[in-house]
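Work out the full structure: start from the sequences and follow the hints.
Listed below are the residues making up each chain.
There are 4 protein chains.
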Amino acid sequence: MNTIQKLADFFSRFPGIGPRQSKRFVYFLLSKDKNFLKEISDLILKLKDDIKMCCFCYRYFPGQKEGAEKCEVCVNTQRDKSVLMIVEKDTDFENIEKNGVYKGLYFILGGVIPVLEKKPENKIRAKELVKRIEKDVKENGLKEIIFATSLSAEGENTRDFLNDLLKPIAEKNKIKISTLGRGLSTGTELEYIDLETIKNALKNRI
Amino acid sequence: MNTIQKLADFFSRFPGIGPRQSKRFVYFLLSKDKNFLKEISDLILKLKDDIKMCCFCYRYFPGQKEGAEKCEVCVNTQRDKSVLMIVEKDTDFENIEKNGVYKGLYFILGGVIPVLEKKPENKIRAKELVKRIEKDVKENGLKEIIFATSLSAEGENTRDFLNDLLKPIAEKNKIKISTLGRGLSTGTELEYIDLETIKNALKNRI
Amino acid sequence: MNTIQKLADFFSRFPGIGPRQSKRFVYFLLSKDKNFLKEISDLILKLKDDIKMCCFCYRYFPGQKEGAEKCEVCVNTQRDKSVLMIVEKDTDFENIEKNGVYKGLYFILGGVIPVLEKKPENKIRAKELVKRIEKDVKENGLKEIIFATSLSAEGENTRDFLNDLLKPIAEKNKIKISTLGRGLSTGTELEYIDLETIKNALKNRI
Amino acid sequence: MNTIQKLADFFSRFPGIGPRQSKRFVYFLLSKDKNFLKEISDLILKLKDDIKMCCFCYRYFPGQKEGAEKCEVCVNTQRDKSVLMIVEKDTDFENIEKNGVYKGLYFILGGVIPVLEKKPENKIRAKELVKRIEKDVKENGLKEIIFATSLSAEGENTRDFLNDLLKPIAEKNKIKISTLGRGLSTGTELEYIDLETIKNALKNRI
Numbered sequence: 305m306n307t308i309q310k311l312a313d314f315f316s317r318f319p320g321i322g323p324r325q326s327k328r329f330v331y332f333l334l335s336k337d338k339n340f341l342k343e344i345s346d347l348i349l350k351l352k353d354d355i356k357m358c359c360f361c362y363r364y365f366p367g368q369k370e371g372a373e374k375c376e377v378c379v380n381t382q383r384d385k386s387v388l389m390i391v392e393k394d395t396d397f398e399n400i401e402k403n404g405v406y407k408g409l410y411f412i413l414g415g416v417i418p419v420l421e422k423k424p425e426n427k428i429r430a431k432e433l434v435k436r437i438e439k440d441v442k443e444n445g446l447k448e449i450i451f452a453t454s455l456s457a458e459g460e461n462t463r464d465f466l467n468d469l470l471k472p473i474a475e476k477n478k479i480k481i482s483t484l485g486r487g488l489s490t491g492t493e494l495e496y497i498d499l500e501t502i503k504n505a506l507k508n509r510i
Numbered sequence: 305m306n307t308i309q310k311l312a313d314f315f316s317r318f319p320g321i322g323p324r325q326s327k328r329f330v331y332f333l334l335s336k337d338k339n340f341l342k343e344i345s346d347l348i349l350k351l352k353d354d355i356k357m358c359c360f361c362y363r364y365f366p367g368q369k370e371g372a373e374k375c376e377v378c379v380n381t382q383r384d385k386s387v388l389m390i391v392e393k394d395t396d397f398e399n400i401e402k403n404g405v406y407k408g409l410y411f412i413l414g415g416v417i418p419v420l421e422k423k424p425e426n427k428i429r430a431k432e433l434v435k436r437i438e439k440d441v442k443e444n445g446l447k448e449i450i451f452a453t454s455l456s457a458e459g460e461n462t463r464d465f466l467n468d469l470l471k472p473i474a475e476k477n478k479i480k481i482s483t484l485g486r487g488l489s490t491g492t493e494l495e496y497i498d499l500e501t502i503k504n505a506l507k508n509r510i
Numbered sequence: 305m306n307t308i309q310k311l312a313d314f315f316s317r318f319p320g321i322g323p324r325q326s327k328r329f330v331y332f333l334l335s336k337d338k339n340f341l342k343e344i345s346d347l348i349l350k351l352k353d354d355i356k357m358c359c360f361c362y363r364y365f366p367g368q369k370e371g372a373e374k375c376e377v378c379v380n381t382q383r384d385k386s387v388l389m390i391v392e393k394d395t396d397f398e399n400i401e402k403n404g405v406y407k408g409l410y411f412i413l414g415g416v417i418p419v420l421e422k423k424p425e426n427k428i429r430a431k432e433l434v435k436r437i438e439k440d441v442k443e444n445g446l447k448e449i450i451f452a453t454s455l456s457a458e459g460e461n462t463r464d465f466l467n468d469l470l471k472p473i474a475e476k477n478k479i480k481i482s483t484l485g486r487g488l489s490t491g492t493e494l495e496y497i498d499l500e501t502i503k504n505a506l507k508n509r510i
Numbered sequence: 305m306n307t308i309q310k311l312a313d314f315f316s317r318f319p320g321i322g323p324r325q326s327k328r329f330v331y332f333l334l335s336k337d338k339n340f341l342k343e344i345s346d347l348i349l350k351l352k353d354d355i356k357m358c359c360f361c362y363r364y365f366p367g368q369k370e371g372a373e374k375c376e377v378c379v380n381t382q383r384d385k386s387v388l389m390i391v392e393k394d395t396d397f398e399n400i401e402k403n404g405v406y407k408g409l410y411f412i413l414g415g416v417i418p419v420l421e422k423k424p425e426n427k428i429r430a431k432e433l434v435k436r437i438e439k440d441v442k443e444n445g446l447k448e449i450i451f452a453t454s455l456s457a458e459g460e461n462t463r464d465f466l467n468d469l470l471k472p473i474a475e476k477n478k479i480k481i482s483t484l485g486r487g488l489s490t491g492t493e494l495e496y497i498d499l500e501t502i503k504n505a506l507k508n509r510i
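Chains as they are written, first to last, in my numbering: chain A, 305 to 510; chain B, 305 to 510; chain C, 305 to 510; chain D, 305 to 510.
Simulated from the structure, these hints should not be mistaken for laboratory data. Don't take each hint at face value.
For identical chains, the list gives no copy identity; a pair is met inside one copy or between any two copies.
[Claimed, not checked] Straight-line alpha carbon distances no greater than 30 angstroms define the calculated DSBU-like cross-link-like pairs of lysine-lysine that follow:
| hint | residue 1 | residue 2 |
| --- | --- | --- |
| 1 | K342 | K476 |
| 2 | K374 | K338 |
| 3 | K374 | K310 |
| 4 | K476 | K356 |
| 5 | K310 | K338 |
| 6 | K422 | K407 |
| 7 | K336 | K310 |
| 8 | K336 | K374 |
| 9 | K476 | K431 |
| 10 | K369 | K478 |
| 11 | K471 | K369 |
Now the structure itself:
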């Protein structure tokens, strides 16, 4: 297998990329000069040296030492340390943060738990989450945990798991557990609304 | 203009139908026998004789006399007469009713109010709604009005108008005014959530 | 079943219309005044009185007597009577005619022949076509028959059937049988071209 | 700007990739182990060392020395050296070759000429093409040149330029110039066919 094919194979494993587009990526790179290729190659090579996982919220950020540093959100003294939002992945964090309406801290699960999964605790950062909350209780006066999982079968399953996992520590420490509100979202049409959404919209009316 | 073109012109005014599909409708009808054409022609002709507007909720239903009868939902003694849901149109009513989770009564506005509309009261059944509520207060012990308008600029504008319109009568009679809950709906992804939805989801967390 | 549902059922048999849109059609009609309904009802009712099938090309046109009249294209003395294009349906005729580049006459098959069909002659106007060509030979000096069927399995199957059907009469009368050219069409990209199209494009290069 | 953003910026320049997907690519890479990153980084870095441009058809292939070697198609003695197909880009070549119906040789233009371009000869490998054809005339008994440009404004403009460029040498050496056939392609429907395609289909009927 030649280098065009080998590289195309790698690209075809990227999220959302099929065999045809992966080939076009390779020809695109071939059309660029060596500097372009060196730059992107260097960035990929040193990605894991430049980017570390935050030891507190577990998101990727530009850090120095693995597991030893907090990201800029976690060290920001302006953030409300009494609220913790639990999200599935880095891009969820990025989008919520970009909208700028949430002022508390975060925890990135790094995955979801499929329905009927036998070892759910291996699919997400369960142990790390418990440790984080224990620390938050002691040091940050944690008052509320917000579940921000997606409204899908996997997301709901993950939420159920988190609820069972965190209920004891929450009750013991009088921490409120909440979930992002449910109901009509931008673009929902009453004419096409599904059972689950109309149920939630009725139950959670404002 | 010949009959093919004339009929196609009518069909092209149907919701969602362009000039090409309207032509295909005509050729479809031409391919059917005269009985088929007579049946559909008769149904259209007597549509307004067979279908009346309910004098209570203003939805279309199989009735006898214009403005003199209540539909089967409005006369159903099993329904909770103390709750009134206000929806924009008949298809919204149909879809909510099909899902079977709402047990109260309805009112169909028959439209929405565009933003900056100068005569908003002409765009929806405003007077009819006020009369209905006055009646509900006297006869049905109305306790709650639910706004079920869509989450769009027009829908929100309609809701604002309704709120101003109904607040006095609601306060005077201790009727609660609510709106369908807002937040994540089936299919919302945190990664792509918009500002308005994340705001609502945070505010209305459960 | 009430009139709303009955009429929606009819509309749901229209090409490309599902149960939801058919309901919206009915509510659209209910929102119109009685005149609108009467007009459309009348047009449908008398559609088959106003529109006849041309006795020569078998397309629908505004005519008086069933099977006794020719349409305006067939009677147009400016058209080239020596060329006959065979198309599947009225909308194909309309689109080709709209583009204005073809100057000959037409025959509408009124259908296509599915692959493996046992009675192919019943699926299209086969007998009528043979009669038409016999007449064209005698009266119009027919020199060429153009197959303008679609490039699909059914279309190709129809073309094969027509070829077998018309070959004897064509050979006997020295009529050329041709098919619309095949190859790249507007929008075809070489990067995504399929086997059949590249084969045709190579074979029929210009 | 941190490494996540820098790398995402590079990915967003890939064909068809927007800012959101480019971010997802970076997080995908972060989720992989260092070996995966090293492999893909190495493949990109040495892409231009492993892959050379064929000195004869100018396509990218696994070669040793820049501009000094022919690819496996150009050296294949089974190919018909008397026919030369001129395509726009490597992926066009790949797709035609994959379909396996063309047995001649190729030349990759490496681009197209925009309409009204002032220096058309700089947009494609014009000089290289002329040299190639001169060589083909002397050594390979070239008999036909096939233009396989796309059926778009740019593609047609490129074909016109090529025609003017190659006509003298073709006429002098009695080389036929042809273009891929035009007409119905797989999926074309007569009902929706555009003017250009129906024109071509009529003109090039078979």
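Structure-based check of all given hints:
no. : hint        : verdict
1   : K342 / K476 : neither (55 angstroms within a copy, 47 angstroms between copies)
2   : K374 / K338 : between (36 angstroms within a copy, 22 angstroms between copies)
3   : K374 / K310 : between (37 angstroms within a copy, 21 angstroms between copies)
4   : K476 / K356 : neither (33 angstroms within a copy, 61 angstroms between copies)
5   : K310 / K338 : both (19 angstroms within a copy, 18 angstroms between copies)
6   : K422 / K407 : neither (35 angstroms within a copy, 40 angstroms between copies)
7   : K336 / K310 : both (18 angstroms within a copy, 17 angstroms between copies)
8   : K336 / K374 : between (37 angstroms within a copy, 21 angstroms between copies)
9   : K476 / K431 : within (18 angstroms within a copy, 55 angstroms between copies)
10  : K369 / K478 : neither (34 angstroms within a copy, 62 angstroms between copies)
11  : K471 / K369 : neither (33 angstroms within a copy, 59 angstroms between copies)
Hint violations for this structure: numbers 1, 4, 6, 10 and 11, all remaining hints satisfied.
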